[in-house]
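Top line first, the protein sequences correspond to chains A, B, C and D.
Using this note's numbering, you'd call the opening residue of the first sequence number 5 and step up by one each time.
Using this note's numbering, you'd call the opening residue of the second sequence number 5 and step up by one each time.
Using this note's numbering, you'd call the opening residue of the third sequence number 5 and step up by one each time.
Using this note's numbering, you'd call the opening residue of the fourth sequence number 5 and step up by one each time.
One or more hints might be untrue.
Copies of the same chain look alike in the list, so a pair counts if it works inside one copy or between any two.
In the DSSO-like style, the derived pairs of lysine-lysine whose C-alpha atoms are separated by at most 30 Å in a straight line are [as the list claims (entries may be wrong)]:
#, residue 1, residue 2
1, LYS414, LYS302
2, LYS302, LYS408
3, LYS408, LYS183
4, LYS322, LYS207
5, LYS13, LYS183
6, LYS132, LYS414
7, LYS207, LYS132
8, LYS112, LYS292
9, LYS112, LYS13
10, LYS183, LYS414
11, LYS302, LYS360
12, LYS297, LYS112
13, LYS207, LYS302
14, LYS408, LYS360
15, LYS207, LYS297
16, LYS292, LYS414
17, LYS48, LYS337
Think of the hints as simulated: they come from the structure by calculation, not from any bench.
Predicted model, so just to flag it, every value in this text is computed and none were measured.
Number of protein chains: 4
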Amino acid sequence: MANTVENSKPFPTLVSVDPFLPANEQKGLHNRWHPDIPPFATVKPGEVFKVQCVDWTGGQIGNNDNSDDVRDVDLTRVHNLSGPVAVEGAQPGDCLVVDILDVQPFEKMPWGFTGIFELENGGGLFAKEFQSRAAKAIWDFEGIYASSRHVPGVRFAGIPHPGLIGTAPSQELLNTWNKRETGLIAELGANSVPPVAFPPEPKGAYVGQDGIPDEVRERIHREGARTIPGREHGGNCDIKNLSRGSRCYFPVFVVGANLSVGDLHFSQGDGEMSFCGAIEMAGVITFKTSIIKGGVEKFALKQPIFVPSPIDPVYSQKLVFEGIGVDLHGDGKQYNMDATVAYKQAALNAIAYLQKLGYTREQAYLLLSAAPIESHVGAVVDSPNACVTIGIPTGIFDQDILPKPEGLEKRDYGQCAIRSDGVV
Amino acid sequence: MANTVENSKPFPTLVSVDPFLPANEQKGLHNRWHPDIPPFATVKPGEVFKVQCVDWTGGQIGNNDNSDDVRDVDLTRVHNLSGPVAVEGAQPGDCLVVDILDVQPFEKMPWGFTGIFELENGGGLFAKEFQSRAAKAIWDFEGIYASSRHVPGVRFAGIPHPGLIGTAPSQELLNTWNKRETGLIAELGANSVPPVAFPPEPKGAYVGQDGIPDEVRERIHREGARTIPGREHGGNCDIKNLSRGSRCYFPVFVVGANLSVGDLHFSQGDGEMSFCGAIEMAGVITFKTSIIKGGVEKFALKQPIFVPSPIDPVYSQKLVFEGIGVDLHGDGKQYNMDATVAYKQAALNAIAYLQKLGYTREQAYLLLSAAPIESHVGAVVDSPNACVTIGIPTGIFDQDILPKPEGLEKRDYGQCAIRSDGVV
Amino acid sequence: MANTVENSKPFPTLVSVDPFLPANEQKGLHNRWHPDIPPFATVKPGEVFKVQCVDWTGGQIGNNDNSDDVRDVDLTRVHNLSGPVAVEGAQPGDCLVVDILDVQPFEKMPWGFTGIFELENGGGLFAKEFQSRAAKAIWDFEGIYASSRHVPGVRFAGIPHPGLIGTAPSQELLNTWNKRETGLIAELGANSVPPVAFPPEPKGAYVGQDGIPDEVRERIHREGARTIPGREHGGNCDIKNLSRGSRCYFPVFVVGANLSVGDLHFSQGDGEMSFCGAIEMAGVITFKTSIIKGGVEKFALKQPIFVPSPIDPVYSQKLVFEGIGVDLHGDGKQYNMDATVAYKQAALNAIAYLQKLGYTREQAYLLLSAAPIESHVGAVVDSPNACVTIGIPTGIFDQDILPKPEGLEKRDYGQCAIRSDGVV
Amino acid sequence: MANTVENSKPFPTLVSVDPFLPANEQKGLHNRWHPDIPPFATVKPGEVFKVQCVDWTGGQIGNNDNSDDVRDVDLTRVHNLSGPVAVEGAQPGDCLVVDILDVQPFEKMPWGFTGIFELENGGGLFAKEFQSRAAKAIWDFEGIYASSRHVPGVRFAGIPHPGLIGTAPSQELLNTWNKRETGLIAELGANSVPPVAFPPEPKGAYVGQDGIPDEVRERIHREGARTIPGREHGGNCDIKNLSRGSRCYFPVFVVGANLSVGDLHFSQGDGEMSFCGAIEMAGVITFKTSIIKGGVEKFALKQPIFVPSPIDPVYSQKLVFEGIGVDLHGDGKQYNMDATVAYKQAALNAIAYLQKLGYTREQAYLLLSAAPIESHVGAVVDSPNACVTIGIPTGIFDQDILPKPEGLEKRDYGQCAIRSDGVV
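Just chain A, with the same shape it has in the complex:
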């Protein structure tokens, strides 16, 4: 047993949070991207460290049976990110190698949520088509599995991952983002519902660090890029396979790289269709980093690349739905090589099928958002129709969902959590 105690060192936790407290009262959190946000902690390459994260809303959503909290969520305060963590020696033009060694929920908080957001407050893929009202599902975590009292009949292994992870932008890159996104808003209308993009917004902006000069803080709040979209630095890409065990290569834009992370997911389906579609959770992520000098040039790194984990749930049998770039569920409109529309049609085909099994439209929407569905781009060259598929693993259901000569068995699965006023 010699040396055992001294050799048994838990990894240091660089950011500690309480997932039950408001995010904007906690240190080491921030919710905008800006090069002037100072590192909250610094590591050497090769060190293993942990970072705790609140859920993306910073505790605005509760474990209960109505969706009023989803209806009333304040989106100016999201996403609450932990960091930044600087890596010694990282310089602009380098590649920051990040091993996502583990992602776990808090032991004291073994649950997460999936939400359908209101058309007027957040939206989601079908916000307009469904005239979405707030709805949600609470998912209970039992070890590697999630199940929900709001979406009965399914149980699946999670693929825990950060929905949002990225390096800090340079001022130049930040300017590019703000310019192009405000340009899009200008082009398509600032009053779009839901919004086409989110311009910088001082309201709700937060950097949980002391000692930042007021003018710097004010500039961060004024200029800081919103966290909603993924961009050149990574960010909110919501890629389910960027999961525990993956190795990621980020371009570095500022000295120290300044890595931030948040929006942890216990599980997510490809596309994350309901906007807050993953199983959102608070939890702990474990990292190790290294630096490849000049990696941006070496690997032609316009955006992050990564090697997925060797660990991934294997549900070999899938029922696959096809979608094409025509609005088959609506007015039949023909789009021009539009993979987004194709994805939507595949999703609507899947939702219609799940309704035959007894799920409500809202339950089906939540289920496809949260479960490990696989969406592949089939083809994007067969003019004018893109083809996209959505595959549902059959093994996550407690019944056989494959087509049968006698049709499908329609069960009563109740309804997910809806608003206390009963509006769906």
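Given chain A, put chains B, C and D in place with the hints provided.
Positioned in the frame of chain A, the structure of chains B, C and D alone reads:
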């Protein structure tokens, strides 16, 4: 040995072709979709049968080392489909269950091709960006593997599948197709290069059956839908996982269902980006069918659904490229939740990486089109950026392609087959 | 199309057979291992070639519904191997790299068989326990799938592979084999039923080549090693994952290596428990070879090693049975770290379970032999009990076979093919 | 946020341990199997609960760089099991369904060990062949990965699982075990080195509960079955796929079932060849149980069965070594259908290969024991040779280990931890 000979019956071949002869001189082939194309053969549910197919161009592309044939391809004559095969008892509103039991190249033709088509003759995902000139790769089949003298350094197992398979449309459905697609042409301009869609075109139309009254044949040629896009009946979906061993469920629109198939692929990457991006081949497909009465209603079947094969090449390690809905490789334009653009950016990131390994842009384009790359829709809810990933299996290369501290080893892989005038 | 015809060369077939004719009337077949069997054909490294094979019995088993042919099989005439094929330049001490590029049944013979052999004629893992009488199942091949009228309720994708493949032994190695195996016979008794090993046996020996001097042929018949066991050169290893797409590395013992192959299987479960337990078939195998000089020393090659195919049926969910080194199904005898007994107990546990579903003991035995079951050595260090598992893929059944609170549904699956006198 | 706190209940921990304290000073641990060991805790079916476990030796092995602790380990005190946990309503003849929901190391102890035990103290598969002296490897856990300063060049994802889990035996079953195992000892000699089996042994016996009457405790110590082998109730089966996420079905022999668990492994190779071959760890396991009344009869349950987890590391490419039932690495002895010998030969072939890469024999032995190698029973019917394969995942190495024409690159990997006196 009693009864052995009588019990050893090969399955009947309902359509026989010679892949070296012109398609429009052969029986059992057709190249337009129309309800009035009579069945070329009829089967009972439960029968196993084979159908031979020419390659999609009908033998226009040769096994040689220049791409003049690709440059000069006549696209009015594609795709050459085998069939239709009627299934006894199938009625509109039924679901036709099709087991794709096997897909094999001809023994006498152990090769296929992947083409980059000219901007002005076919196009492809990057036709405009690359100002595409004709190029191609010949792939040699050695058992389950494909490799190419035109794209050295890779070898991979195929996922043989029909790029194009579908039931015949009803007249009403055909009218819908023609109306919406000609509408798109009208909206976006008939002179687009490459075209946004392909209206009915009597030139090149072909139905390889005798005894069709002239006025019927003339109407088929005049009204028949082109085969380029996938639609409600399936058609040219180019889904690589609709492969040998899969079970597919098609909506039935006409009496007998009238199944047609063609455009066999030895392999394809998700997206099939170079248009003629799969490894195109002639070959033999083996089918078994059954009927689920009223299946369209039972399964809410707007489009085909399917269960993929339990057999699929497993290359577990992948290098994944991210793409977002911004033209990062071009003018930096911001798109609005555009998964097609996100796919394109991921593809360009991958191409840039492969060029660091020594592949030319054209080789990389062909490689990503033909090899079993996986493209997932990451997220389509993070306004304004869709995120799409492209994963390249590392195990198909004869070198380790992962990022390394010292950078990548650039090898000399020559060039793919280009035009005899040397224009690339 | 220039050069297409000259570039479309099918691969040469070096051994051609008719699976319906007696093996001992055909050229290029042999059924003993001996260094003096001359090569039937010679290839250069890098050439792709095909070899046709009769089934291992040489056509003794018929496609019919009784098992009299199994009862009466003449085992002195097996296995009928195709070859030898010499590879130019191969020398003793080299490593022969063999790519198994493809394995296919004959188109005219889309079926195979699995047999339970009589206790007194061939035996099998449970020959004594079950006092085995001949039984069999005919499996029909529909593309990649096999199913059987004799074992209803299952259908699975094949893993076609050669049960038997190996290089020729040197005289020294042959002498070693014969000495050690006849030694075992001497030790355990020549009258064991079934035999513990098979000594050289001139009766039934066959080398299908002309021009072999009589004294050589006589020596081959007299000394030639029987083909039943796997040995240092490979041989009858019956490894299901040595399948189409795998790359194998064989030690070379004679000039030219002299590769022979036979005993093709459409599918097999780990362990191949019923002796003739795979789905035995006639068919065609496609090879490519190369040589690594001095490979035996370079890789410490006492026996073949291999890299399995990237293509393998994926049935992710399995029901796993444990077995330990105690005869739990018999007299309770305690064995000493005996993995064979542990495998047998796991198998008996699985058979007992399958009987609860309605299969007869014989059907269950055949099913586990032929289907893609996975048997792992769990642990062989926990004295005195080895632990071995057998995993049955649940996805091959047309019902859900997992344990349920209400118990299992027992169906009537009839019986497999048995002897015409009704003895089971 | 309403109800959030009350709905955020961590799962109860029924057994709490300190992995750094001696096991025999802690409550809720025991190290013998006996029906009279009272339940330490009781749960209702459906409850999720956690159980903490010390490592199997109870903290006898330290995190340091010599193996003296392995040399001196006291095996009378193993395995230290947590429990028993009784399940309300379970009766003999029932089936206890156990969901292994999670298995995690202690956060404060992110490491484990693999040991080669002395020939005279524990042994291992090659104890005699290698005349084993104590050696070990410490493995550091970084999230899902393990790597070792004592076996450089590899890093792999864990498959955390309990090596030992089982229900309590009835008195009758216990008597059967003791009778048959002492019988084997009598047959093969009580002085075998290492021992063939372990008879009941009061020395070191421990039940960490107060209030057990002395005569009961004394009987438990005197009669209690040792924990080394797996048996009808499960026990020390060391099955790596009985991992987090698996569902297991145990026969119940006593009222309450009385489930005990221990010997947690972070990873293990099939066979666990070096005896203490897994990566042994202390940690926490999460369970949920249910009861199927009369399940022993319903499922013919002689031993546990299970459904593996959908989560399992996927390293698709493997290098596979064959072994047959002949002592090819020793005296060439011919065995009779012996899968244990075949496993050993495959292992020795693999060790010889790894030595060509620069690993010492001890490192190779430890590596194959601990890494996720797959060992399949190839065939056990080809008299006289069983064939067993061992597949090493190539993706766990930081170099390409496949055979190459130029041979393998031999690196300097140093040596694992050995005895302080330097004896290997």
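Legend entry - Numbers of unmet hints, in rising order: 3, 4, 5, 10, 12, 13, 15, 17
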